[in-house]
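A.B. asks: Below are the chains, spelled out letter by letter.
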Amino acid sequence: MKKTSSLMLALVIALSVASSGCGRTAQISEAKKAYTIGMIVKGLGNPFMEACGKGFEEALKEYGDRAIYQGPSIPTAEGQIEIIENFIAQKIDAIVITANDAQAVVPALKKAMDAGIKVISFDSSVAAEGRLVHVNQADAKLIGRLQIQAMAEMIDYKGEIAILSAGATMTNQNAWIKYMEEELRNKKYSGMKLVTVVYGDDLRDKSYNEAMGLFKAYPNLKGIIAPTAVGLAAAANAITDAGLIGKVKLTGLGLPSEMAQWIKNGACESMFLWNPVDLGYLAGQAAHSLVTGEITGKVGEKFIAGKLGEREIIKDPTGGVQIMLGFPFKFDKSNIDKWKDIY
Amino acid sequence: MEKISILRNMYLNLKISKFKGIGLVFFILLLSIIIGLRNPNYLTVGNIRDMLLDTTILAIMALGMMLVIVTRGIDLSVASVLALSGMLVGLFVEKYQWAPASVTIFIGLAIGSFCGAITGFIVAKGKVMPIIATLGMMNVYRGLTFVISGGRWVNAHQMPESFKQMTRTSIFGIDFLIFIAILVYIVFYYFIYYTRTGRQIYAVGSNPEAAHITGINIDYILQLVYTLMGSLSGLAGVLWVSRYASAQSDTAMGLEMSVIAACVLGGVKITGGSGEVYGVLLGSILIGIINNALPLVRISPFWKLALQGVIILVAVIINAIIQKKVER
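The listed protein sequences derive, respectively, from chains A and B. Residue 343, in my numbering, is where the first sequence stops; the numbers in between run on with no holes. Residue 328, in my numbering, is where the second sequence stops; the numbers in between run on with no holes.
Source of the hints: derived by calculation from the structure; they are not laboratory data. Each hint should be verified, as a subset may be incorrect.
Within a straight-line C-alpha distance of at most 30 Å, the following computed DSSO-like cross-link-like pairs (lysine-lysine) qualify [what the hints assert, rightly or not]:
1. A/K302 to A/K110
2. B/K125 to A/K206
3. A/K54 to A/K247
4. A/K33 to A/K298
5. A/K111 to A/K91
6. A/K315 to A/K338
7. A/K111 to A/K158
8. A/K264 to A/K315
9. B/K269 to A/K222
10. A/K158 to A/K188
11. A/K338 to B/K269
12. A/K315 to A/K111
13. A/K206 to A/K111
14. A/K188 to A/K54
15. A/K206 to B/K127
16. A/K110 to A/K158
17. B/K95 to A/K193
18. B/K324 to A/K206
19. A/K264 to B/K269
20. A/K193 to A/K222
21. A/K33 to A/K158
22. A/K54 to A/K315
23. A/K247 to B/K304
24. A/K222 to A/K264
25. A/K330 to A/K178
26. B/K95 to A/K54
27. B/K95 to A/K333
28. A/K141 to A/K178
29. A/K206 to A/K178
30. B/K304 to A/K178
31. A/K141 to A/K330
Because the structure is a prediction, the values reported are computed rather than measured.
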């Protein structure tokens, strides 16, 4: 009996270990001097990250480089550090990372740079000393402003609005909210009032509950801005279930595939997002240019980023240098069908 | 003769149980009044309905968890089973758009039972401690969800309308979700209090040695409770995906803690052998109120989390005080 039990225990542990670590490698045909570049995403199983990975692999294919796509199964900094250590041991040429914690991954990335590996961050940046360049999806100020403008047009510049965000500690979201508040101070929005900011923690049920709560806590609410994919979809679902389509307007940042249903039924008239495939593509292009020495990470340097054309390295106001992807894209009824199957 | 003694036990059971719930009922009423004073919208029919809708999934799962805890066990894998079942059903309806929505309920139940049966086998036959076995299986099922979906989500527009509408319709004037929960509670109430197997679960939990001597097949009982738990989690997965119109690999991450909390609040003893259906129902409703009502009272989101903990602690304390008074 004892034997069976210890056997079972071993089996369970083995299975659980096996299930927690996985990744995928895209082998690209051996060409001249092929570099190996690894992308570390926030976590596996996130369609936004998968889309970034697609663009990244596409970029490297153009040069015959080898792309490795990896991420922890739960989005933690510890999981990412483990992968970085792994990459250092494998002596790859460059690491492209979107950080789960801007500070926590810095020591490991410094070690990688000491070993001659080029480090680039994209999407969610690493603190300046832990990277050479950051590939930025879009200006935070612009993202904040666009959402307020869209909401203002929907509600005709008057009424109460609320923000449904992800986590209270998330750098991205907080920066956008800060710029939204700044934009609202503009005189033309004097008829609009931001009544509250609530947090759905990017959990489907909690975001849904928070949205439902907003309708009841603020009966005069005219609009919700949700600068996060899960929150936006949950809010749209809640607006539909509460029979408030047209009465409470909604905009924010979301994935077309997830929002198609709600954009079509009118719960969300329009929303914004940059193209994650392009974001991954630009990160891949920048990584290749760094490895070949075409750029070194100094302000003013220029390189050709494949199909995206010429890009320049500029100063990052939060420290270090960055490369900009461009404007966020607006999705509405007219174009959602085209995008919903892409990402 | 035997029948009479069973009936007598049942009578005693109900009599005691009526007393035990009073503390919790009192606290729920008190909390409702306080919240109602702060936001009159809280005590409207519409909101109470929303609240019950949000509580159903938790209440269904807590019932299964109670049986597991009664046998001195615990099941940490429930949220993962929910996610796996939800994902498989999501992929199924995406591929077979014509499939009637009611079929998905049975698919969910089947997937859940299968997962639960494996966990049960490891606990009953493998003699692995429940907390370790289910911790392992929690990762296994979550990992499988990632593997099967390939990290993809099933989105609202990929699901047929009939499937999404399932949890938004009503049966005999009762909302579908609430109807299913009532049905599950009636079936389990009968099973737990009126069948021999149901009572054996309590016997195994309160005194395994004695249960063994009286000829109860302990392995069978353990296997059974984990399978039942699995089937309820599988059912919950279908309801979840239909209600929130999205299946993703990280669905309901951490829900197991709420389920366990609902049981403990409802007076289920973590040491086994004791726990009542009405207690679990009250515990679930209390958790539901906390989740539903806190967004309604206009307080800073940063205070909400702290407040949530305080409310749960106060509930436990008030419950204990009142119970002591009543027992005297």
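A.B. asks: All hints are to be evaluated individually against the structure, with a verdict given for each.
C.D. replies: Here's how the hints hold up against the structure:
no.: 1; hint: A/K302 to A/K110; in the structure: holds, 25 Å
no.: 2; hint: B/K125 to A/K206; in the structure: violated, 38 Å
no.: 3; hint: A/K54 to A/K247; in the structure: violated, 38 Å
no.: 4; hint: A/K33 to A/K298; in the structure: holds, 25 Å
no.: 5; hint: A/K111 to A/K91; in the structure: holds, 12 Å
no.: 6; hint: A/K315 to A/K338; in the structure: violated, 35 Å
no.: 7; hint: A/K111 to A/K158; in the structure: violated, 53 Å
no.: 8; hint: A/K264 to A/K315; in the structure: violated, 40 Å
no.: 9; hint: B/K269 to A/K222; in the structure: violated, 47 Å
no.: 10; hint: A/K158 to A/K188; in the structure: holds, 10 Å
no.: 11; hint: A/K338 to B/K269; in the structure: violated, 55 Å
no.: 12; hint: A/K315 to A/K111; in the structure: holds, 24 Å
no.: 13; hint: A/K206 to A/K111; in the structure: violated, 39 Å
no.: 14; hint: A/K188 to A/K54; in the structure: violated, 41 Å
no.: 15; hint: A/K206 to B/K127; in the structure: violated, 37 Å
no.: 16; hint: A/K110 to A/K158; in the structure: violated, 50 Å
no.: 17; hint: B/K95 to A/K193; in the structure: violated, 45 Å
no.: 18; hint: B/K324 to A/K206; in the structure: violated, 35 Å
no.: 19; hint: A/K264 to B/K269; in the structure: violated, 49 Å
no.: 20; hint: A/K193 to A/K222; in the structure: holds, 10 Å
no.: 21; hint: A/K33 to A/K158; in the structure: violated, 60 Å
no.: 22; hint: A/K54 to A/K315; in the structure: holds, 28 Å
no.: 23; hint: A/K247 to B/K304; in the structure: holds, 28 Å
no.: 24; hint: A/K222 to A/K264; in the structure: holds, 20 Å
no.: 25; hint: A/K330 to A/K178; in the structure: holds, 21 Å
no.: 26; hint: B/K95 to A/K54; in the structure: holds, 24 Å
no.: 27; hint: B/K95 to A/K333; in the structure: holds, 25 Å
no.: 28; hint: A/K141 to A/K178; in the structure: holds, 9 Å
no.: 29; hint: A/K206 to A/K178; in the structure: holds, 23 Å
no.: 30; hint: B/K304 to A/K178; in the structure: holds, 22 Å
no.: 31; hint: A/K141 to A/K330; in the structure: holds, 16 Å
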